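Asker: Each protein sequence line maps, in turn, to chains A and B.
Using the working numbering, the letters of the first sequence map in sequence onto residues 1135 to 1361.
Using the working numbering, the letters of the second sequence map in sequence onto residues 338 to 627.
None of these hints come from the bench; they were simulated from the model.
Nothing here was measured: the structure is a model prediction, and the numbers come from that model.
Here are the simulated BS3-like cross-link-like pairs (lysine-lysine), alpha carbons at most 30 Å apart as the crow flies:
id	chain 1	residue 1	chain 2	residue 2
1	B	K435	B	K420
2	B	K481	B	K542
3	B	K566	A	K1308
4	B	K481	B	K495
5	B	K339	B	K541
6	A	K1308	B	K481
7	B	K481	B	K566
8	B	K420	A	K1308
9	B	K566	B	K339
Chain residues, written in single-letter form:
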Amino acid sequence: MPINESVRNQLQSALQVRTSGEAARWLQEALKEAERGPLERLLALYTEASMRLGRLPLAASGGESFAAAPEGLALDRWTLEDAARATFLLARADHVDFEAFEDVARACYEQGDAREQQSWLRAVVLLPAPDRFLALVIDACRTNILPVFEAVACENPYPSRFFPERNFNQLVMKALFTGVRLDRIVGLAARANIELARMATDFAAERRAAGRPVPADIGLALSSAAA
Amino acid sequence: MKMIDPHVHMTSRTTDDYTAMAAAGISALVEPAFWLGQPRTTVGSFIDYFNSLVGWERFRASQFGIRHFCTIGLNPKEANNPKLAGEVIDLLPRFLAKDGVVAVGELGFDDQTEDEARWFTRQLEIAREFNLPVLVHTPHRDKKQGTIRTIELLRSLKYPEERVLIDHNNEETLPIVLNTGCWAGHSIYPNTKMDEHRMAALVKKYGVDRMIVNSAADWGISDPLKVPKTTDAMRSLGIPEEAIHEVVWNNPVAFFSQSGRFDVADLAEPPAVDRSLSYESNSVLRGERR
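With the hints as extra help, turn the sequences into a complete structure.
Answerer: This is how it looks when you write it as structure tokens:
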């Protein structure tokens, strides 16, 4: 996984720049434990990241660019806890076989609070065999917790890369419904399709019939009609 | 005016809500089984939830003079968890047999997936076995298409349409539903779905036949007084009292009476309120404790 290797290095170096003292020491130890420690320990570290590192942005002001990141993955919008959690999972993946890793990764998501789930969903595209988590990510979109939905829908290349058309369309419609800007959905133009255009057209008609405004950016969901 | 709220999730509401609903004239309600705002991960959570709908919540309502009925079913959102869905379906016969369960529901489509269609179909078969009407949720997203798919599925199974209440209608879906034999429910919400003024306009336009309104109040931004507020809105639009009575009383009574468990004579009198009652020694009305 050469790409993920270099993203991981970038995340780790950004974390090093942004942490010092006690937090830096904790992170160094935590990374070692994440590689081989018991599941319970990894779950604890995954949770603790927010307390130890805080939720400051990962990108320093003035900001380095994260050249190694997959297209559309906005690491400059990640927080320190997001980055630390991602590096824990990636470190683990390097040291256990995939089945064992999959169990651990799922546990981190399923037992996570809303912040932990957001960190997890932002990073899922970096994990080995990300398609293996498709059902989980689709299910995450059913959430009523808007930031969790945004963690999948926005600045994240996972849906456009892996979601079947129906699920991708549902995600776009949910974004329209909940007031999430469509230009935050990575790869929307490439994945736009006639069925989505039909759904968005019906939605606009429904809003007009109800005497309610139609979202201004709905055109982004209609653009495939030409295809 | 006496009213029924035929779709309200009281589990998420406070005793203040019960007090206000009773004061506004609501004397009976139906609480459909739905999801809890986040997915359940084990079948035990469903068992406890269903038990609370047929037991604890009914008792809580009775303390305020309100009769509580419920519907039991696997909701479409959680129909997408293949491991859990089958386990929950297996539970249904046990709960559908209980008193006060007046329909199977909410079932239907949400994301309109194959799994949702499968469990929708299965629950229609179960409803037939139990001779119960069904309460059908329609999706927020792609609602018109979801409503059409719902009707196609009902027809492919030849499910008797007069025993189906299709809920959460809006201006786009209502004419489609009224074209069938199904009943048309409307959830009156503060921000989404349908508001009381639009609802009153729809009653004026389409009449009262098979028209039903509810608050669908739950854990989200919602208002358990939307049925009385819609009554007021209909009145201000000059809709006659008898017509309003059809919408907020006779129609839901007629629909749920098809279960054979919604006793009209019984509804005439509110349940006796004994505020010293307690449910398995836990008093809801702690101030009343002797």
